[in-house]
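Using the numbering used here, read the sequence shown as starting at -18 and increasing by one per residue.
Any given hint could turn out to be false.
PhoX-like, lysine-lysine: derived pairs with alpha carbons at most 25 Å apart [what the hints assert, rightly or not]:
| # | residue 1 | residue 2 |
| --- | --- | --- |
| 1 | K28 | K42 |
| 2 | K71 | K42 |
| 3 | K73 | K264 |
| 4 | K299 | K76 |
| 5 | K90 | K104 |
| 6 | K273 | K297 |
| 7 | K73 | K62 |
| 8 | K90 | K62 |
Derived DEER-like restraints, expressed as beta-carbon distance ranges [claimed, not checked]:
| # | residue 1 | residue 2 | range |
| --- | --- | --- | --- |
| 9 | M11 | I306 | 28 to 36 Å |
| 10 | H105 | W212 | 38 to 46 Å |
| 11 | P291 | R26 | 52 to 60 Å |
| 12 | S(-10) | I253 | 49 to 57 Å |
| 13 | S0 | S214 | 25 to 33 Å |
| 14 | T39 | I253 | 47 to 55 Å |
| 15 | L85 | L22 | 51 to 59 Å |
| 16 | D221 | C80 | 26 to 34 Å |
| 17 | S284 | H105 | 30 to 38 Å |
| 18 | G75 | F250 | 43 to 51 Å |
| 19 | H25 | A303 | 42 to 50 Å |
| 20 | F(-9) | G30 | 18 to 26 Å |
Hints are computed from structural coordinates only; laboratory data are not their basis. Glycine included, C-beta positions come from ideal geometry on N, C-alpha and C.
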Amino acid sequence: LHHFLSSVSFNNSAGDYISFDENRRLLVGMDIINWIISSNLSLHRKKIGRMALGEALTISKDAIVWHSWFNQVQPISICTKNCQPGTSKKVKEGKPFCCYDCILCPDGKISEKEALVLGIFLKHHNSPIVVANNRNLSYTLLVSLLLCFLCMFLFLGRPEQVTCLIRQTAFGIIFSVVVSCVLAKTITVVLAFLATKPGSKMRRWVGSRLANSVLFSCSLIQACICISWMWTSPPFVETDTHSVSEQIILQCNEGSVIMFYCVLGYLGFLAIISFSVAFLARKLPDTFNEAKFITFSMLVFCSVWLSFVPTYLSTKGKYMVAVEIFSIFASSA
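Given only the sequences and the hints, what does the whole structure look like? Please build it.
So this is what it looks like as structure tokens:
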């Protein structure tokens, strides 16, 4: 019956005019009522909130009366405390997914490797090995990797206009910074090896200036793509009434599918260049063996996002979000 609502309008028993917009949403506000049973078993209503048209839902928590006859108290949305550093989450069998046990990390394992590596770099930032590893570029890479994991949370929960605008933009720009850092590191490793040869003219290119230029220029291009996307056809919240006959799915429409794939295509372009340069430099001496690890990382990154495209196109609704979250998590790890 959902597709008939756009043409329905009527007056309710209170005399309020009720109608629906083109998305079949009510064009009227609602009061949030708390039903209270008094000691003499009489019922009375108390207004505790309001959901006005075009405004956020407001509820006064202090005004809510929780019934004490059945030991009713304010519900808690979590059933487990946050796990402390040095522990990891383990889902409880037969319990909701938000319920888990905190177990100690195995010997030799840590719960947050990016934060630990960043801490080691900060503590020993003046040591020769950190300086030789391009200190500022390493800081940028580690912070960007942390942000990659955090940007997954923008895809969770009820879609809002702000999150729809931010999530793909944040994903595209942050990942372009990560891949640009990897590309800059790869180029630096190759040039550092070439500069060791007698009479090499590559020595003037070795340094932070070239790496910073690669990072800035590659990230700027992705930022320009995202800005043009937001300017021409930004994402928006829409209701899907066709995928599931008995459900209304609230989801983010990307606005312009072409711009979305332009963002992915540019990331793939950067990843392929990084992989190609690292692959050609994979047989460098052990002193410059960082290219081997970059080759493997870019191979995994490209494999994840190559498999993402057909999977994303063949899914709908909440499964599209799940596929993208998994791809972000797998490529960030």
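Going through the earlier hints one by one, which of them does the structure break, listed in rising order?
-> Structure breaks hints 2, 3, 6.
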